[in-house]
Amino acid sequence: MYTITVFLPLLGAIIAGILAFVTPADKESRARIDRAAQWATCGAMGLSAILSAFVFYDVVAGGITGTVELFTWIDSGALEVSWALRMDTLSVVMVMTVSVVSAMIHVYSVGYMHHDPGIPRFMAYLNLFTFFMLMLVTSDNLVQLFFGWEGVGFLSYLLIGFWYDRPAANAAAIKAFIVNRVGDFGFALGIFAVYLMFQTVDFDTIFAAAQGKADATLHIFGGEFHALTVICLLLFVGAMGKSAQMGLHTWLPDAMEGPTPVSALIHAATMVTAGIFMVARLSPLFEYSDTALAVVTIVGASTAIFAATIGCVQNDIKRVIAYSTMSQLGYMFFACGVSAYSAGIFHLMTHAYFKALLFLGAGSVIHAMSDEQDMRNMGGLWRTIPVTYIVMWVGSLALAGIWPFAGFFSKDTILEAAYAAHTGIGNYAFWMGVIAAFLTAFYSWRLLIMTFHGTPRADETTMAHVHESPKIMLVPLLVLAVGALFAGYIGFEAFVGEAAVGFWGQSILVLPAHPALENAHHVPAWVKLLPLIVAFAGITLAYVMYVVAPGLPAALADRFQGIHQFLLKKWYFDELYDKLFVRPAFVLGRGFWKTGDGDLIDGVGPDGIAAATLNLARRAARLQSGYLYHYAFVMLSGVAALVTWYLVGQAS
Amino acid sequence: MSTFPILSVVTFLPLVGAIAILTIRGDEAVVARNARWVALWASLSTFIASLFIWHQFDTSTAEFQFQEEVEWMAAFNISYRMGVDGISVFFVLLTTLLTPVCVLASLESITDRVKEYMIAFLIMETMMLGMFCALDLVVFYIFFEGVLIPMFLIIGVWGGPRRVYSAFKFFLFTLVGSVLMLLAILAMYFESGLTSIPALMEHSFPASMQTWLWLAFFASFAVKVPMWPVHTWLPDAHVEAPTAGSVILAGVLLKFGGYGFLRFSLPLFPIATVEFTPLIFTLSVIAVIYASLVALVQEDMKKLIAYSSVAHMGFVTIGTFTLTVQGIEGAIIQMLSHGVVSAALFLVVGVIYDRMHSRDIETYGGLVHRMPSYAFVFMLFMMASVGLPGTSGFVGEFLILVGIFQVNTLVAALTTTGIILGAAYMLYLYRRIIFGKLTKESLQKIFDLSGREIAVFAPLAVVVIWMGIYPMPFLDAMHASVNHLIGQVETARALNDAVVLAGQSVR
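Chains as they are written, first to last, in the working numbering: chain A, 10 to 661; chain B, 1013 to 1519.
To be clear, the hints were calculated from the coordinates, so they are not data collected in a lab.
Any given hint could be a false lead.
Distance condition first, Cα-Cα at most 20 Å in a straight line; then the derived EDC-like pairs of lysine to aspartate or glutamate [what the hints assert, rightly or not]:
| no. | chain 1 | residue 1 | chain 2 | residue 2 |
| --- | --- | --- | --- | --- |
| 1 | A | K603 | B | E1453 |
| 2 | A | K578 | A | D325 |
| 3 | A | K603 | B | E1311 |
| 4 | B | K1449 | A | D325 |
Here are the simulated distance ranges between beta carbons [unchecked claim]:
| no. | chain 1 | residue 1 | chain 2 | residue 2 | range |
| --- | --- | --- | --- | --- | --- |
| 5 | B | G1172 | A | I59 | 52 to 62 Å |
| 6 | B | P1485 | A | L487 | 23 to 33 Å |
| 7 | B | P1485 | A | G617 | 42 to 52 Å |
Computed footprint of chain B on chain A; a stretch qualifies when at least three of its residues, placed anywhere within it, have a C-beta under 8 Å from a C-beta of chain B [unchecked claim]:
| no. | segment |
| --- | --- |
| 8 | 146 to 157 |
| 9 | 229 to 239 |
We treat Cβ as the ideally placed atom computed from N, Cα and C, and that holds for glycine.
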């Protein structure tokens, strides 16, 4: 059953993929083909989601864990890699989250994409993506994890660039793939280092041996380092790329060029959380390296605040949510960094619901506004699209962490755990998290107010067209809204509460030396209340700035132009990378080509030798002058030289 | 051991086809048509016959299999010897797979001197197969050099506008290397009195002599691979060669170098091999990074893929000289994978070249609108080229990098940057050709893949996916031979170390 759950989306993708190549004779047959592709993919995904619930039940209630071996993939020397599906709590939590959210987004896409000429292709991509994601979360070894990892990256590339006519979409797609590859560079080196250290890439064997290698060192890059720290840091580079952490984040905002369901599925709910999953999965390694954990915490906390600051000034509705995603991923990372892996995964799960909800809600808005994404041209929509309006509220409340919405439970746990770590770095993470929570609430309500309230700023034709989305889009929204409402409350006990130890079983390891999550339940009352207070403060500020005194934002932007520009330009990361990497690569390439290959190698080598030979031949030809006395002179000189040589030779 | 000389049959079957074509007489159009079909059938039956070799291949032994020996020049101890082991058998299959694909791809694009073209191709196949099967130095050398002639003609006669320059450049580069190798072969013969490769493997050359022999062979193989800085013939040759010529050049000819290292340099000169490993690593790392950067700025599709070949072959040489199981098996897989993938990419370029007669990237853009199947095929092979897991490219690169990481982490890190740069130039190429709006007037009527073109790509696509998901049939067959090869090098090194130590203690 587990195997079927994972492979159903592949089947759906193949069917829809074949349908994508069928050229329809007329409009009617096109509609039939589209319908068939939609049924195949949504059916596969729906079935997969239902099966995943059974699997989840088996593992959590029945305690069935283990590995489903499929067949050998690579076997070379001591290196053995299998295709295998791992079945434990961490995997099935991910499988269920992924397949349920994905199924909702599939259904939503049927409505959202109904005008698009490439429906079968789009549905095939979505299904294939889900397959790779499921392979990722069920992998039993690092190489299969890498397979899923690169696979989702590839599909992300295809989906961002789905509208291939748009240059911006193409550029964003390439950027996403290459920035992810930079992360994968670290990931790959990490895998090699693991193999060097453990002579295997299988999780079980590595985890069993990790404790014994806790003090081992590794001779690497010309120095001697603590082995597990190096390994964890290299692997974490991969996680940073996939989860868009500061430094390797530049692709995520641009990825919003893809269709909105894609942003919801890939760039919010599932793929970008793969990094968090990876760290949690490898907790038995990270636990033995305090340095690596500290780096994870710092990167996570810094990203949380960094992204939140940018989110406050963006005007594109999807970009605001994208930066919010980055920021929330930062939370998840610093949760892992203080060894509260289960809190990180808990937030991952709740976030998947409410962020998918927010994105799909935004999609519904964009749909209603005839593809307008700039919030400056929106406003006053709440009457015309009430359902969307309500679900956006639900999503925002969950994101801001207001009781009893899902985000409240998971985000508070993370902040409490960070505080309860009682380390300098933990405190840094806590305070950054609190400030980010304030900003989160601010930009969420900024978004709500700018989009739905005030006077309409769109032109009349657009406003006349504004309509609520069809049922096929609203039903998934409502399902996700239910998740955003209750997932936190329901999951709390099992994920991070009293029942957590039994729930997670062996799938996550936390050493007794890292009791942050346990202590989180016993923090002072102000720590528990603070996130809620700042969230309300953020909402209030947004209300003041965008309802009470609408002139204030512009005045502030004028007053602090430098800061505003800095934020608007996203801290100038793109410009910096362009100068540091992209341009030099092209300059170097051209230099190597023209000067290196052309002037030096060919110039000195073949062309040089050919020219020299010709030259020599021309000179030699000149000797053949035809004058007898020239020849006679040369002959005589030769005789003289010969005689001299003979005499000199005799003398000595 | 079967008595049926299967290797000779496979090797000379194409030659029989060539002779058959030679006898065709009559009207030019009739000759051309018959020549095409005879070539196709000859190469297809060679492929089918070669499958028999794989089927009968015993994966448990490192011995040479299907051995044949016919006395030739008894006075000089030179015989016609053939045989394959786990290292060479797949190159035979690669050759027999790619030749019918090439013939199929040339069916329509070659209209001039069809008869001669097909003859050249079939002779070339015989030469290539003989090279991979030969177990005697002299026989090897004859085949090794023999390949040059049909290739020279294919570039020089059926090539593009600068074909003569390119053909000569190709010939001179490779010949300079080969001359040195010939000298080395003579030296080896005078030292040992042997030309049989299996016998030479038992023979150990003095360490000082190994250095020179190694360098002489290196000169020849490095040009073929091609390694930096003797790679500059490759882009020119590819650009001017007809599509099928590029396919064979990238698919099989470049593998001569990698195969040569595995067959000769490593087992025959193990001490020198270890000595020169840093040199190989340095040149290969330069090749990977340098060629990738150069590929990024190319404006000619074929040149871009040619430079990508240089980068990918850099992985191969690194893997070979790691002297680890993963490294060497990875190198072989990478060569097979590159053989199929680069061949496919040149065919991909050929498809639109046949339609538009331009190799400039500028000419194209937005092809996906008119050519969805083409876009799909191109995407598949592009992803194999950038080493996406699940394709053959990944397995090769991954194993090589695992191997090199155990030997030298710094080289490993530098080489791994190749996966970033590789993605950059390929995706950039793809975007410029396939994506975007179809605005160019000249492209408005371009056609998608024909049935024949799909038949060309289908087998290659199957191999790419198969090797990516289940490469075990390939890996299993090479384990014994690779382990044996590493054993040979290790033993020789240990022996040499012992001698050196003994020498020191005496002193």
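Results of checking the hints against the structure:
1. A:K603 <-> B:E1453: Status violated; Cα separation ~32 Å.
2. A:K578 <-> A:D325: 13 Å, holds
3. A:K603 <-> B:E1311: 13 Å, holds
4. B:K1449 <-> A:D325: 25 Å, violated
5. B:G1172 <-> A:I59: 52 to 62 Å: 59 Å, holds
6. B:P1485 <-> A:L487: 23 to 33 Å: 51 Å, violated
7. B:P1485 <-> A:G617: 42 to 52 Å: 48 Å, holds
8. 146 to 157: holds (count 3)
9. 229 to 239: holds (count 3)
The structure fails hints 1, 4 and 6 (numbered hints given earlier, in ascending order).
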